[in-house]
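One letter stands for each residue in the lines below.
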Amino acid sequence: MTNEKKTKDKQMKDIGMERNERRRQPSPDWASGLRRLYDSVVDEPLPDAFSKLLDDLDSAGD
Amino acid sequence: MLSSANAVSFKRELTGVIPHLRAFARGLCGRPDLADDLVQETLLKAWAAQERFEPGTSMRAWTFVILRNAYLTDMRRNRFRADYDETVAERILVAPPGQEGPMHLADLHRALLTLPPERREALLLVGAGGFSYEEAAEICECAVGTIKSRVGRARATLAAMIEQGAIPRRAVGDAIAHDAIMAELNESTNPSEPVSG
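As they're listed, the protein sequences go chains G and C. Everything in the first sequence is counted per my numbering, starting at 1 for the first residue and increasing by one. Everything in the second sequence is counted per my numbering, starting at 1 for the first residue and increasing by one.
Mixed in with the good hints there might be a few duds.
To be verified - Going by beta-carbon spacing under 7 Å, a handful of chain C positions derived as facing chain G:
| hint | residue |
| --- | --- |
| 1 | R26 |
| 2 | L43 |
| 3 | W47 |
| 4 | L105 |
| 5 | I162 |
Stated by the list, open to error - The calculated lysine-lysine pairs, modelled on BS3-like cross-linking and capped at a C-alpha distance of 27 Å, are:
| hint | chain 1 | residue 1 | chain 2 | residue 2 |
| --- | --- | --- | --- | --- |
| 6 | G | K52 | C | K148 |
| 7 | C | K45 | C | K11 |
| 8 | G | K52 | C | K11 |
Stated by the list, open to error - Cβ-Cβ distance ranges computed for the label pairs, FRET-style:
| hint | chain 1 | residue 1 | chain 2 | residue 2 | range |
| --- | --- | --- | --- | --- | --- |
| 9 | G | D29 | C | V144 | 24 to 30 Å |
| 10 | G | P45 | C | V144 | 35 to 41 Å |
| 11 | C | V144 | G | D55 | 27 to 33 Å |
| 12 | C | A159 | G | G61 | 44 to 50 Å |
| 13 | G | A60 | C | G56 | 43 to 49 Å |
| 14 | G | D29 | C | V8 | 41 to 47 Å |
| 15 | C | G152 | G | D48 | 21 to 27 Å |
| 16 | G | A60 | C | A160 | 46 to 52 Å |
| 17 | C | E54 | G | D29 | 38 to 44 Å |
Rather than coming from a laboratory, the hints here were simulated on the basis of the structure. Heads up, the beta-carbon is just placed ideally off N, CA and C, and yes, glycines get one too.
So that you can see chain G by itself, here it is in the shape it has in the complex:
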């Protein structure tokens, strides 16, 4: 076996181990909670102050 091939085999093995590692770690309940934490804010009604700010900036530039 050449050194080159050994290196390649080792790389393939590493990739395989990494995949297995990922499979062994199921996404915990709290992980979806992070997403929900974020989405809950995204879904909030937007206070008028923000669009007013942009409108003011926009008309100031005219």
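Keeping the supplied structure of chain G fixed, place chain C upon it in accordance with the hints.
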């Protein structure tokens, strides 16, 4: 000046990312009122820098860089404590009650706020905001491997806190979290305004 068509689309795109800016800011600093101040500051800075935005690139990523830098600057000036507003998330369950009882989004958010800021923002970007590691690395101006490592450590810390039931119950704006945050900031960060692209 931008052409009028570009100016219109800049404003439209900027308006479109405001809910995301609010979510990112809320995750970073905990308190809704301070988070919204930070978003306003971000909008002002983004507006002033609009000629540096390249049409066709991600407005969300571009503005997150601005928000992040504004946050770090404000942290240095001690404007933010990692306080937490209990009012809303307190009542929302993350998961249905299981063996270990229900966990509230508020608990998760408090746990998140105890993380060092670099790990917290990395986890927010990847785990909550849905950015790829590569995009998060660009936003945080660091290597992809660094982001992966920060996300991994943040997840491990949260998982350990949750498993051990070691989540701070209230008012995480305590001296410990704040001091840890300031210590990390002082030694490691150097915020700068985003360059276009």
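Status of each hint after checking the structure:
1. R26: 5 Å, holds
2. L43: 6 Å, holds
3. W47: With a closest approach of 5 Å, the W47/C hint holds.
4. L105: 5 Å, holds
5. I162: Holds: closest Cβ of chain G sits about 6 Å from I162/C, inside 7 Å.
6. K52/G <-> K148/C: Answer violated: K52/G to K148/C is near 38 Å, above 27 Å.
7. K45/C <-> K11/C: 13 Å, holds
8. K52/G <-> K11/C: Roughly 12 Å separates the two Cα atoms, so the pair holds.
9. D29/G <-> V144/C: 24 to 30 Å: 27 Å, holds
10. P45/G <-> V144/C: 35 to 41 Å: Since P45/G and V144/C have Cβ atoms about 36 Å apart, the given range 35 to 41 Å holds.
11. V144/C <-> D55/G: 27 to 33 Å: Violated, at about 39 Å.
12. A159/C <-> G61/G: 44 to 50 Å: 48 Å, holds
13. A60/G <-> G56/C: 43 to 49 Å: 26 Å, violated
14. D29/G <-> V8/C: 41 to 47 Å: 43 Å, holds
15. G152/C <-> D48/G: 21 to 27 Å: For D48/G against G152/C, whose Cβ atoms are near 41 Å apart, the range 21 to 27 Å is violated.
16. A60/G <-> A160/C: 46 to 52 Å: 50 Å, holds
17. E54/C <-> D29/G: 38 to 44 Å: 39 Å, holds
Hint check: violations occur at hints 6, 11, 13, 15; the rest are consistent with the structure.
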